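Please model the complete structure; the sequences and the hints are all you need to start from.
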Amino acid sequence: MRFGRTLRAAALVTATAAIALTSGAALAQKKYDTGASDTEIKIGNIMPYSGPASAYGIIGKTEEAYFRMINDKGGINGRKINFVTYDDAYSPPKAVEQVRKLVESDEVLAVFNPLGTPSNSAIQKYLNAKKIPQLFVATGATKWNDPKNFPWTIGWQPSYQSEAQIYAKWLMKEKPDAKVAILYQNDDFGKDYLKGTKDGLGAKASSMIVMEESYEVSEPSVDGHIVKIKAANPDVLLIYATPKFAAQTIKKTAELTWKPLQILTNVSISVGSVMKPAGFDAAQGVLSAAYAKDSTDPQWANDPGMKKWNEFVDKYMPGADKTDTAMVYGYGAASTLAKVLEMCGDDLTRANLMKQAASLKDFAPDTLLPGVKINTGPTDFAPISQLQMQRFKGEKWELFGEIISGDVASE
Amino acid sequence: MSAAEEVVAEGHQAVEAVPKRAMTLGTGTSLLVLAVLLLVPVFVKNFIIFQMTMLLIYGLAVLALNILTGGSGQFSLGQSAFYAVGAYTSAVLMEYFNVNYALTIPVSAAVCFGFGYLFGKPALRLSGVYLALATFALATAMPQLLKLNFLEHWTGGVQGLVVTKPDAPFGLPMSQDMWLYYFTLIVTVAIYVFSVNLLRSRSGRAFMAIRDNEIAASSMGVNVALYKTLAFGVSAGITGVAGSLGAIAVQFVAPDSYTITLAISLFLGMVVGGVGWLPGSFVGAAFIIFVPNMAESISKGLSGAVFGVLLFLVIYLVPHGARQIAILGQQFAGKLRRN
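Sequence order for the protein chains is A and B. For the record, in the first sequence the residue sitting at position 149 is 149 according to the UniProt record's numbering, with numbers rising by one throughout. For the record, in the second sequence the residue sitting at position 213 is 213 according to the UniProt record's numbering, with numbers rising by one throughout.
Treat the hints with care, since some could be wrong.
[Said to hold, decoys possible] Quick partial rundown of chain A residues pointing at chain B, CB under 8 Å, derived from the structure:
#	residue
1	49
2	87
3	107
4	126
5	277
6	279
7	280
8	284
9	311
Keep in mind the hints are simulated off the structure, nothing from the lab. All of these numbers come straight from a predicted model, not from anything done at the bench. Cβ atoms here follow ideal geometry from the backbone N, Cα and C, with glycine treated the same way.
Structure follows, in structure tokens:
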């Protein structure tokens, strides 16, 4: 009896030791933080599905559909993506509430692609204090590229300031004696562009810029501003306006039979929602810069990347409006996250996720322009920083020149 | 019909007269609620504590509106503006002048009281829907005012200001969230007791006299202009305190946080909680915090529509809000006791 008990105890000890050993070995291979397991990776997101910016909600829906596609194909390294997305109504207090819910109640591994500068500003300190990745934020403000102070926050799209600098550099080279007028939206978006342009022109800014005219997003039309700008007689017009106002500007200059060189922000380059309403005749010769393909541009009809995008939309978002650039955006951002998760392998800790997000090398999602690649590094938290100049001709954009890089470090 | 008569007629349609005893809860019930509020945070997650903090904060803001509308019979859709002023006062004092967070709250209350009192002066000439419109204009203007260039140095413009969250004092072993909750609870209880006593005092009776019949009130010697502006001032002051606490809890202020949507939510909270019933303010706050989340979990694309349907149901089934449910409950309890 006594012997039996000893034997049993010995067996138990051996078994425990064996379990400890094997699980130890397993731990060395697979590492998880909250939100990741052998079968699932939980990713959180906030989007304005309601409220003033609800038009962007389609980005969240696209990402949800994208991860559904990934899961149908077996997931990433055998794990399914559980994409939890909440509505923040573009309100910072609501964003904080929803992100805290994601982190503390749903226990997600990371927060991915939260939209809007105010919402992201509101959650940045919280997420960094908790050491939770704030991955690929959906805003063009410059401040997200700040790995020293905010090592858990990383941007995605090119910043407005770097884009404006590209235009400034181009002007200095091609039209050094230009008289420049700037039309901008009176908010952070417009002001970022204004700052970028002035920084890019440097010492020549005061002599080259003859007029800065701002409009409020609540105004019904910018026609009056255009007439005013024309009176100052500039030969270059920089249009830092959202789609509706950009279309009005291009149309109005044509009506005034005024032909300055027009440069348009990347935000408003949609053929379907800007160039067509403005009138193709009026839009000839307008310049801009781009990093992604335009779903309404016929030149990408046979592009393999856009074919994949089209198949995705047809299968997972039937009935969606394909002219919406937000769907191209969401696809690109989601595929970047998928790539990073793939690179993480079995080490799904938050630290490794951040490390992999900061070690993307020449990654090219299907929807980015040929040649534009995503590169990040320990000191470079601005994934897309390349753009290419383009000119509107006929009914589409024609790319020209080289791919230009315009990294701007955060102050 | 003279302007004064119009006021009387409108006052009767819009705000139902609530006797002052019916405006509060009994002592026993109040203590029970307080005990629950004190104990729950010990057992729940930080996120729930945060939500409860927000509940108290929005409850305070709704309470402030309730004093104004339920007490003195004046409408306001501009509460978000006072809330914003309170929030920015705290944020600027804390971040630029390193003032202790607790000290910023009386400052906010004073600033907002002054702001509300001054706004109440010209608003005296307006009543009913016109007053609602004037305050509405204030709410729409506020986010843009906060973005003004010459204020940008202080307000941070569209980028907003990040606020540091306070730690628990005296080395108390609690998380920041829990400490902030108890801090908010202390402030809330203090303001609640103040409000109840205010409405029971001479001033409170003057408010209600004005609400019920302005001409009768003035013929009884109530200084209508003074008490109307005073009601605006008190309401704005309390809203400012709520704004301060909100800024500290959310750790961020930006113009987009204080849009007209917030003002309408607070108004909604008041109606759902029961106009003129002070405890209902917190029920109303719970409605505006939790029901949108529920609506979202039912349908993401149609969350607004689902919320609308739920709101419609509440208005249709219990037009007097939470107060009606409380009264029904009381009657039911009375019956049980008799049996």
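Hint check results:
For residue 49 of chain A, the suggested interface contact is upheld, since its CB lies about 6 Å from the closest CB of chain B, less than 8 Å. At a threshold of 8 Å, the smallest CB-CB gap from residue 87 of chain A to chain B is about 5 Å, leaving the interface hint in force. Evaluation of the residue 107 of chain A hint against chain B yields a violated restraint, the C-beta minimum of about 10 Å exceeding 8 Å. With a least beta-carbon distance of about 7 Å to chain B, the hint placing residue 126 of chain A at the interface is held under the 8 Å criterion.
With 8 Å as the threshold, the beta carbon of residue 277 of chain A stays out of range of chain B, its nearest partner Cβ sitting at about 26 Å, so the hint is violated. Interface hint status for residue 279 of chain A: violated, as the beta-carbon distance to the closest one in chain B is roughly 32 Å, over 8 Å. At about 34 Å, the closest approach between the beta carbon of residue 280 of chain A and any beta carbon in chain B exceeds 8 Å, and the interface hint on this residue is violated. Look at residue 284 of chain A: its Cβ only gets to about 35 Å from chain B, farther than 8 Å, so that hint breaks.
The interface hint given for residue 311 of chain A is broken, as the beta carbon of that residue sits about 23 Å from the closest beta carbon of chain B, more than 8 Å.
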